[in-house]
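**Q** Model the placement of chain C on the given structure of chain A, informed by the hints.
One-letter residues, chain by chain:
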Amino acid sequence: MGRDGRRLRVRKLVAAAIALLCAGVLHSRAGAAAPTYTQDQIEAAFLYRFAGFVSWPRGALQAPTFTIAVLDDDAVASDLARMLADKELQGRPARVRRITRISQLGDAQILYVGDSDAHALKHWLAPLAGRPVLLVTSQAGGLDDGSAINFLIVDRHVRFDISLAAARRSGLTISADLLSVAAHIEGGPVGSQAPCQTQPRPLQELACAPRLATR
Amino acid sequence: MISRRPDPLALTMAVIAAIGPSLVQAAPAAAATSREDLTQMSLTQLSNLRVTSVAKTPQPLGEAPAAVYVITHDEIARSGVTSLPEALRLAPNLEVTQVSASDYIVSARGFNGAPAAQNFSNKMLILIDGRSIYTPLYSGVYLDAEAILLRDVDRIEVISGPGAALWGANAVNGVINIITRSARSTEGSYASAGAGNLGENLEARYGGAVGDAAAVRVYARAIKRDAMQQPDGSSAHDDWYKTETGFRGDWRGTADSFTLEGDAYRALENQSAPGAGDLLVAGADALARWHHRTERSRIQLQVYLDQSERREPFGGLGFVLHTYDVSLQQNLNLGAAGQLVWGAGERVNDYAINNTVNLAFLPSHRALTLGNLFAQESFSPVHDLTLIAGAKLEDDPFAGWQFQPDARLAWTPRASEMLWAAASRAVRSPTPFDTDVVERVGPILGLIGNRSFQPERVTAYELGYRGQLANTLSLSVSGFYNVYDDLRTIEPSPGATFFPLTWDNFMRGDTRGVEAWADWQVTGWWRLSPGLRTVSEHLRLEPGASGILGTAQAGDDPRAQLRLTSSMNLPWRLNLDGTLRHVDALPDPSLPGYWELSARLAWQFSDTLALSLSGSNLLHARHLELPAPYGEYIDRSVFVRADWTPR
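Those protein sequences? They're chains A and C, same order as listed.
My numbering puts the first residue of the first sequence at 17, with every later residue one more than the last.
My numbering puts the first residue of the second sequence at 812, with every later residue one more than the last.
Honestly, the hints are just simulated from the structure, not real lab data.
The structure presented is a predicted model; accordingly, all values stated were derived computationally and were not measured.
Using N, Cα and C, we set each Cβ at its ideal position, and we do this for glycine too.
Any given hint could turn out to be false.
To be verified - Quick list of in silico lysine to aspartate or glutamate cross-link-like pairs, EDC-like style, CA-CA up to 16 Å: (1) 138/A x 160/A; (2) 138/A x 998/C; (3) 1035/C x 848/C; (4) 103/A x 848/C; (5) 1035/C x 1049/C; (6) 1035/C x 1055/C; (7) 138/A x 1023/C; (8) 1035/C x 1014/C; (9) 1035/C x 1050/C.
Stated by the list, open to error - Partial chain A-side listing against chain C, Cβ under 7 Å, derived: (10) 58; (11) 61; (12) 62; (13) 64; (14) 65; (15) 90; (16) 99; (17) 117; (18) 197.
Chain A on its own, in the form it takes in the complex (with noise of 0.2 Å):
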């Protein structure tokens, strides 16, 4: 009596599953004409319109084309290379470079760091210390180590953090126009000294004195 009864529970259970995730399915399908973007395509996009807002030092843009290089990530590649066909950044041609090594960087202008392994990112980024590259990474403590520009998602909203430390390091300059934008700032005049406490973070990103204190 009571495994049968058990086992009606169960049907119950699934068939209630059933309703909901048709219902879900059924509303989502009616809620297509309003339009989507993954996170890597909004990045993309965002990558496209950074070239605009910054300003490379006269050396760096010597080559025929300005390149953005994709380290590590064939989804925001190819986002990228189907919004670059026919545009031009800085005057030149656009290019999309998808790398597996900073090695290949060449004349890049911008680096783009994916989806990596967090912890190896400040040791990949070392050699690069001083050349005239942007470099955007997309994941928590970016900037910490060493990138210019951050992605992170604020309420499924692609934002992004700026270190105008790394930027000068790096030679570039950011206009005020993409300071605007920023989610937070770091490096500037004001707000550089407590980091962790300016800006609401994610909740796991509270670790934050911890991690200061091991370096």
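**A** Quick look at chain C alone, frame taken from chain A:
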């Protein structure tokens, strides 16, 4: 038992068949809309776009709608712990009991077992880099086995509550995921030596790059633990030592990555009586994982082999267990239709037991196969709401197909807040210890296994809140109401007046409780982390039960547990950390509650050398965490340590 295999399979297959195609159809339609417009948008417009799916990485568990506590690498380092079970104590939602120098019990939400009833904590699943380390012989975990260098652990995700829909059987009251760092993140040398009144530690690791895209590390570790001294001055004879070694290699290309890792360990443990000889604990494992990422999907194929062995001295009880496991998992990004994870796996547990007169398994050798299939869909039907529904089907070697569904709802009114609710089911599957055991007490046949023993079952209902209350304060609170059925009891076997005893499923009931923790960054240099866990168990025996050992055989759990951790960054590169913890009284057999304190002072002497002094159980010269005769007195300990990381 045969008649109970059945329809859940058919039903779930029907669910997958029904929803699968519609989901796949929905995806391209959604993805096709207006991608080209993105380049025309201003920075502000881009900032205002809503992301349909965050597909960068699989959702970090810390953000999942579940009671998850993530023990970070830094938390482990700053606590000064030197063993895995001590590290698990950092999770406020776990109940960790030290039994002796080598033995710990880990459980969540009660059910820590009862040694008198030969009931061991068996409702937790523990995985190291995706390799399950529970022993299929009794579904528990031997925490003295395994090789792990805490220095290379990236994080430990501790989920209290069922996790069966993704992880499978025995994830009844929780899942512990130990995740080590990629070899590409651990390049360089590291060596550490430490000594204290209860033992010594020596460990070293070397990691190096192999080209630009790959890296390898190797490590070795040796530990020695001294016997606990008892109040009458005698020794508990629980001293032991262990050597461990292992490697991990990671390669990463544009769309593919590959990991290969392996470990080996060997320990000798004194047997709690003079002249009893040493228990041998040894094992080795190897795991390979391939990961392929495309624009809309991630596929993971994983294979591992694991050998573990325990042998009592002088030809006593022992076993050798070989585990072979292969699993496949795919995460599909379906655009507006959400995200689908599905997977399948097969495991073979091949064991041979060296029986003794007093304790035997019949048959003493088996090869148990365990197949599984799971799917989980997560989507947002309405703004701010996420629904996750999934189930795992497992073909258990003893109990047949088990259906373990899970449904979760998360409401995220703001990026910094989440309210969630969940309902899920999980089972603790029968084991050879339930079905095959034969125990003798002198001439008497004391206990025989029950071939028709049923899985222990739970249906769990949970409600939780997680939020950032202020820039410096975050909070997680969750409550659970778990309904258990078919819990194991000990009964006279059919026809017998008392002996031989056997197992049956005559207990049921419910548990309820709260798990809460917070993080308060008091100032830039000082952080406080309180934690609380309560559980009240309302168990009863079903009609027909003999009542032998009562409901206490399920567990002897403290009703509440508190902790307060303080982390300070002091000048002169000093760190001071401490944890005060309270464990409530144990009911039956009874043990008074206790307070204990651990602390660590660390000094980063130079960029390459760090020195630390730490102490555990500082408030008492010795204390019991499990009542005698089952637990030994645990002595106060101090430990000094030097860590060297050359540039």
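**Q** Look at each hint and say if it fits the structure.
**A** To see whether the hints hold, each was checked on the structure:
For a cut-off of 16 Å, the pair hint linking residue 138/A to residue 160/A stands: about 8 Å separates their Cα positions. Among the hinted pairs, residue 138/A with residue 998/C is consistent with the structure: their alpha-carbon atoms are about 12 Å apart, no more than 16 Å. For the suggested pair residue 1035/C and residue 848/C, the alpha carbons sit about 65 Å apart, so the restraint of at most 16 Å is broken. Between residue 103/A and residue 848/C the alpha-carbon distance is near 13 Å, which keeps this suggested pair within the 16 Å criterion.
Only pairs whose Cα atoms come within 16 Å are accepted, and residue 1035/C paired with residue 1049/C is accepted, the gap being roughly 11 Å. With a C-alpha separation of about 12 Å, the suggested pairing of residue 1035/C with residue 1055/C holds against the 16 Å cut-off. Under the criterion of a C-alpha separation no larger than 16 Å, the hint pairing residue 138/A with residue 1023/C is consistent with the structure, at around 14 Å. Annotation: proposed proximity of residue 1035/C to residue 1014/C holds, straight-line Cα distance about 12 Å (limit 16 Å).
Between residue 1035/C and residue 1050/C, the direct Cα distance comes to roughly 8 Å. Compliance with the 16 Å bound is thereby established for this hinted pair. For the restraint placing residue 58/A at the interface with chain C, the shortest Cβ-Cβ distance is roughly 6 Å, inside the 7 Å limit, so the hint holds. The restraint placing residue 61/A at the interface with chain C holds, with a minimum CB-CB distance near 4 Å, inside the 7 Å limit. A distance limit of 7 Å between C-beta atoms decides the matter here; for residue 62/A the minimum to chain C is near 6 Å, and the interface restraint holds.
Restraint check, residue 64/A versus chain C: the minimum CB separation of about 6 Å is within 7 Å; hint holds. At a threshold of 7 Å, the smallest CB-CB gap from residue 65/A to chain C is about 6 Å, leaving the interface hint in force. Taking 7 Å as the C-beta contact cut-off toward chain C, the hint placing residue 90/A at the interface holds, the least distance being around 5 Å. Residue-level restraint check for residue 99/A holds (minimum Cβ-Cβ distance to chain C is 5 Å; threshold 7 Å).
The criterion of a C-beta within 7 Å of any C-beta in chain C is met by residue 117/A, whose closest approach is roughly 3 Å, and the hint holds. Because the closest C-beta pair between residue 197/A and chain C is about 4 Å apart, less than 7 Å, the hint holds.
In summary, the one numbered hint that this structure violates is 3.
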